[in-house]
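*Asks:* Go by the hints and put chains E, Y and V onto chain L.
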Amino acid sequence: MSYAGIILTWVFANNLVLNQLLGLCPFLGVSRSPAAALRFALASALLMPPFALAAWALERLVLVPLGVPFLQLLVLVLLLVLPLLVLRLRARRPAPAPGIGWYLPQALSSCAVLGVGLLATSAGYGAWSSLVAGAAAAGGYLLAVVVWSALRERLDRHGVPRPLRGLPIALVTAGLMAMAFLAFDELLFKNLLG
Amino acid sequence: MSQARTFPRGGVRPPDRKSLSEDQPIRKACVPSFALLPMRQHAGEPARCLVSPGERVREGMLIGRAEGPGAANVHASVPGLIREVLEVVLPSGARTPAVRIELDGEFECTGRPQTARNWREFIRHELLERIEEKGVVGLGGGQPTAAKLRAAGRPQLLLVNGVESEPYLTADHRLLVEKAAEVLTGAQIVASLFELEPAQVLLCITEDRRQTLASAHGQAAALGFRVEPLAARYPQGEEQQLRLALAGGLDALVLNVGTLLAIYEAVVWGTPLIERVVTVSGSAVRRPSNLKARLGTRLRELVEDCGGLAGRPERIVVGGPLRGFAVADLEAPLTKEMAGVLLLGRGELRARGSGTAGEAACIGCGRCIEACPWGLRPLELYHWIREGEPRELRRLGLERCTECGCCAYVCPSRIPLVRWLAGGRWL
Amino acid sequence: MLNLRDNPLLLYALGICPALAVSTRVDNALVMGLLVLVVLMGTTLVMAALEPVLPEALRLPLALVAAAGLVTAGDLFLRTYLPGLREGLGIYVQLVAVNCLLVGRTETGRRRLSEAAPEAFGQGAGFCLGLLLVALVREVLGAGTISLFPVGSFSGTLRIGGLAEQPVRILLLAPGAFLVLGYLAALYNRSRS
Amino acid sequence: MISAPHLHAGPTSRRMMLSVVVCLLPAGLWAVVRYGPPALYVLLASIAASLLTELAIAALAFRRFTLGDGSAALTGLLIGFTLPPAVPLYVPIAAAVFAIAVVKMTFGGLGRNWMNPALGGRVFVMFSWPVFFHASPAAGRADSLLRWIWNGTPGAIGDVSATLLVLGSVYLFVRRIIRWETPAAFIGSFSLAVWAFAGLPHGFFRGDLPLYLLTGGLLLGALYQATDPVTSPLTRVGRLVFGAGCGLLAFLVRRFGPYAEGVAPAVVFMNMLVPLINRLTRRAAC
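Residue numbers (our numbering), protein chains in the order written: chain L, 1296 to 1489; chain E, 170 to 596; chain Y, 536 to 728; chain V, 43 to 328.
Don't take every hint at face value.
Footprint (simulated), chain L over chain Y, 3 or more residues, beta carbon under 8 angstroms [stated by the list, open to error]:
#1 553–564
#2 587–600
#3 604–610
#4 628–634
#5 706–713
Since the hints were made in silico from the structure, they are not lab data.
Given the structure is predicted, the values throughout are model-derived calculations rather than measurements.
For every residue, glycine included, the Cβ atom is placed at its ideal position computed from N, Cα and C.
Chain L extracted, bound-state conformation (with noise of 0.2 angstroms):
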């Protein structure tokens, strides 16, 4: 498939957020200021390209060759906590105010950068489509999550019914934003792209 077919499914047809329902914890922290929602998102964006290339090489390179396929995820989740472990460590004073460095061993643990990892690795494809689809999928999923702050604030303006504020109005709006989503589908970029 053709790098702009890739970018076009992992950013609309196979959106990590409302397609895969990947890294729905931080997206749905409502909770969260929309000023920190952003930055944890862009924090879990910036791990995924390499993640995902990452990914590849360990499946190309190291577990296939070695015959223990079925070691992928421990791998993997290694290869997660190690710059957990360092900046933990490391962190001798308290965290500084929250810049994306703060973000980044909680966005480590969000399944939506491993997600982008097994799923690179499961659709088969090569080091440049993994690094490829791994920006798309962080390009999909950093505008999944600025339409939704943008629509969160219209939500909290209008003032929701009672019992549905917080997570259920959350959730609800992210299935309509998914059925939005719908219509542009792998086959609709297949037939654009010819």
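*Replies:* For chains E, Y and V alone, coordinates are given in the frame of chain L:
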């Protein structure tokens, strides 16, 4: 003549409905048998009452001394006996002590030869002293004029505000037709206070009334004043909108036509502010007219003076239809800042065939954004106020709202946005 | 002890990442719910056992590695005994290892075994129940069937007449997952207040 | 306490909704004449379902009566217009229930929803029972322009007469009940895309404009659905961007997707972006 100038954005064009009372010359209303004079006829705190029941007062005698910022003196508009000092609720909802005077004894100011003083003899300090002592306040907003002049610093322009952009109201218009000379003299007095050249004084009138005000126009030109035609849009008559339209960055002092007349009478004739011209109009009054009435006269007496009611009014409004207060009865007294008493019939609450309906949900049509002269987003402010979020209100600039009413005027869901936005300030 | 009052799934949407996507069939939801419960209990046991010797910084990384091990074990178990069903779950089985419920528990959950175990079981069971409810609604309306495990003569799927021919297919897609969970969470809020 | 101002201009929101309903009636009547009773049943089913759903939810959940504002009737009518005439009745009913219950009342009723209820309901049924909405081969070349204008193609009920739809919208434009920016940008960008890319496999700039314009619910969507004030941007610039987006996406889905009509998914997608557009056009005056 230069093309009509106006403020940059927003604003609405309500039907002006001035034809009802535009051609009626100013008529003296009959003197009331009882005068009810509230101690608060201005923007600030009520004045301190100097009289007690049983005392006799002369016409024009000081009965309330101004105390605190924004306060002004109150004078007796009729000679007589103080019947009682009671608490009244003004149409704006404010509670204030008021003095009830029963008419008795002879008049000393009106009908007696007065000695006119040449205003050029006074020095600046004496002029301000005299204006303040005679209780002159802005007849548009109720701000004490002396305080305003002292706080004006060194303005480069004096705008004589004859725009009167609210529908129905024709008091200022009639003043310019009949008493243009006195008004312009008042303008000269204020110009001398700030050593302004005649060319720095602008007579502001709306473009469509240039013919009917030809005489005022001529007299102003004779004195060297400039005449600026403005578009007939609401809220052109408000101070800030005039500055936006004309001042172009220069520091401008804006004074209402009625206020300038009061300044003239206070300085030249020494008469305190005890009378004002008020428009009584609307389809529910038999003969709409412009009355020069004594302060403290009951609205009921004013309406009787205009031939009484012609059918049950749908709503009685004190002031203009866009900024005025609805009142349940005609018991309220006439005060300094009341420009009109409107008795609106069934069809008059709508402009040009729009339906009247109860308040509906906001449909986000954006008309209020287009109408707001300050570029605010009334619907977003409205929603945040309902949700109780003061932080958002500051971010959206609620403090810039002057409650002009344009947003509520155009709102298809008839949401009382002015009440909501005014309420938002207390969040 | 076993508090089902504050159901993690319905109240804080914890851990729904892997679960929501597979809640299109009741059997999928059951397997996934049990897997999460097992992994949760296992991780709690491991963490409680290593509690005295464990420095604060290592808690989360170790919990994740332990969970990954358990998930890999569970994965192998499913591949051998329920290969068809495992295929249907796709990558979401592996994602249980970084389940937000798990991360949330290690960061904030109680430490001592006597308190941690019941809390883990309570949350795991609550999560499983919530997931089953979502899956039931989605499959009945979205596919008109209830698919369970084939036992002897029972073919494993119950067909519901009317709906089966023209079900509301959108409920099987991503929007359906969000909407069904959203309204269940709303009902849950309403019943709690 | 009655507060200032005591004078109002322009139609009330209730009158605006009813005006749109009235402007749609001619096209609706002509569709019933053209397609016979099936079209009538579909329209009645969707309107009745909308009214009943709103009545029930408003009474039970909000303890209010909200049918007076005419928005439920309008939503029902618009849903009916976007459906093919021969569709089984559970489709309009499901669309109406979803539109009113989920898309509108869940967010708090009229004015609080961010997605156009009629189109939300349409997309819901479109993906639940796609079989009724696939592009039918009969939608071939438009042989004579006159025929399209008067009796339309076997598409949705609303497509039956472009002329009646446009005539109806003239009144709405004159009374400023709908704004010109969205339809102009919508139809403009759609026509541009059709002209440029519609004939893609054979080459650029050979698109069959009349066919695309007069079928697939474009006019209905651009004039009556995308102009819903609740779910369109607040500023003029925003509405132009919104319309252009709708036009492009509608073309994308219509030309490259398997569906006969791309307007509903396109407008629903752009509805999702409206709060973002409003935030980005905060500086714009009107």
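*Asks:* Hints first: check each against the structure and report whether it holds.
*Replies:* These are the hints, each one checked on the structure:
1. 553–564: holds (count 3)
2. 587–600: It holds: at least three residues are needed, and the region 587–600 of chain Y offers 6 whose Cβ sits within less than 8 angstroms of chain L.
3. 604–610: holds (count 4)
4. 628–634: Check passed, 5 qualifying residues.
5. 706–713: This one holds; 6 residues, not fewer than the three required, reach chain L with a Cβ under 8 angstroms.
Every hint from the earlier list agrees with this structure, and none is contradicted.
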